[in-house]
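Chains as they are written, first to last, in the working numbering: chain C, 1 to 114; chain F, 1001 to 1312.
Be aware that a few hints might be false.
Unchecked claim - Taking lysine to any residue and the SDA-like style, the derived pairs with C-alpha atoms no more than 25 Å apart in a straight line are:
hint	chain 1	residue 1	chain 2	residue 2
1	F	K1284	F	K1159
2	F	K1159	C	D12
3	C	K49	F	P1251
4	C	K49	F	E1106
5	C	K49	F	M1073
6	C	K49	F	K1284
7	F	K1159	F	R1256
8	F	K1284	F	P1251
9	F	K1159	C	W105
10	C	K49	F	K1159
11	F	K1159	C	R89
12	F	K1159	C	D28
13	C	K49	F	N1195
14	F	K1072	C	E50
As the list claims (entries may be wrong) - Examples of chain F residues toward chain C, derived with CB under 8 Å:
hint	residue
15	G1084
16	E1106
17	V1108
FYI, nobody ran anything at the bench for these hints, they're computed from the structure.
Heads up, the beta-carbon is just placed ideally off N, CA and C, and yes, glycines get one too.
Spelled out, the chains give:
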Amino acid sequence: MKAAGSWEQRLDAPRDVWAVFLQSRTRDPHIHVGDVHAPDAEMALVLAKENYARRDPCVSLWVVRADEIHATTADAAEMFDPALDKSYRFGGSYRKQQQVYRSAWRLSHRDEDQ
Amino acid sequence: MAENVGPHDDPELLARFNTRVASGEQIEAGEWMPAEYRFEALRLIQMHANSEIMGALPEREWIPRAPTLARKMALTAKVQDEVGHAMLLYRVAETLGRSREEMFAELVEGRSRFHNVFHYPAETWADVAIIQVFVDGAAMQTQGALRSCSYAPYARVLKRICYEEDFHIQLGLDVWRALAEGTPRQRAMLQDALNRWWTPIIHFFGMPDRISPHSEKMLAWRIKVKSNEELRQQFLRRFVPIILEYGLDVPDPALRMVEPEQRYVYTEPDWEELKRVGRNNGPKSAERLALRQAFYRQHAWVRDAVAHGAAA
């Protein structure tokens, strides 16, 4: 186990486990859908196809050795919580501004129409 | 795995774990968990995995004998799904610290368990309809509830498994409908299959839970989400109407709905039979385990070829 307070870890998985990432449509990201056991990447892709792309749409599969994946620990989840008020990063915080802007814009156009 | 187990049930870690689970959080693979939680979760998931792969056996017997090509293709797809579920589940069980090889050895040597319903024969084509509608329907109640269980990797694969099980029920209802609307002989065959499967299906959910510190703990940890009886009632509410709609007889003359409580009363089945069957002493237990073991041995060369082919 890493020293207490460590925020980074390697996923614990047997060497023959491959994580499978599936892309449903070209516009979508690859999403982790599960794992397969395989001795090499080619076999992992074959098994991934059989196990995860039987029915639903799929345009691309990725496989990666699960024990090569570095991840943040569960304890580190709090580091994703914003330390400060981040409302300025969200559009919803600017609604009032948008309303003012839109009504001003409408008014000005109405003036031009007349 | 051992390095992630951490100190055994350190009171501070245990208290923190209990608080997290109680607030609805889920536990990821590799996180600290009480030894008893790990044991119970592994037992549950391993039994589920075993049941998927053993459940494929009674149905695969019917692939060559399916009445039409369409039925054959659908059944093949269903059996492939079940084996796929076993793959997903053994992998999840593996994250709790037991290797896939170990679990497979335990299964074929009869040292671990699988669901009671897969210890029975599938004698006629109508049995396929019963298995697809009622056995998968029963499994759906349990697995649907467990989608909110506390072990996140299990909850995630259950979403996909339930989606596919729903397809199996639809498929089964199509076979069911064809037989129920068919000739008197077909209807008689369906009724006969229903009669034979009724008790195993009532057994499926297990004995009504006694309120024990153990079951309370399992519920609090959300390794169990609903009681056996709650799940059985949920199943009966959804599936008894299907039998009645088609004018077939419910094989239990005492079955009736207590309207105000929306609860079915049924004849208490022989629970000794469930215990006996669960210990691999059912009508088909030995034969199916022997078949599983024979295939495991026969296919050893495929596993070897795959492994060595890659090394070469």
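Hint check results:
no.: 1; hint: F:K1284 with F:K1159; in the structure: 30 Å, violated
no.: 2; hint: F:K1159 with C:D12; in the structure: 23 Å, holds
no.: 3; hint: C:K49 with F:P1251; in the structure: 43 Å, violated
no.: 4; hint: C:K49 with F:E1106; in the structure: 28 Å, violated
no.: 5; hint: C:K49 with F:M1073; in the structure: 19 Å, holds
no.: 6; hint: C:K49 with F:K1284; in the structure: 33 Å, violated
no.: 7; hint: F:K1159 with F:R1256; in the structure: 33 Å, violated
no.: 8; hint: F:K1284 with F:P1251; in the structure: 22 Å, holds
no.: 9; hint: F:K1159 with C:W105; in the structure: 48 Å, violated
no.: 10; hint: C:K49 with F:K1159; in the structure: 19 Å, holds
no.: 11; hint: F:K1159 with C:R89; in the structure: 33 Å, violated
no.: 12; hint: F:K1159 with C:D28; in the structure: 20 Å, holds
no.: 13; hint: C:K49 with F:N1195; in the structure: 40 Å, violated
no.: 14; hint: F:K1072 with C:E50; in the structure: 19 Å, holds
no.: 15; hint: G1084; in the structure: 5 Å, holds
no.: 16; hint: E1106; in the structure: 17 Å, violated
no.: 17; hint: V1108; in the structure: 18 Å, violated
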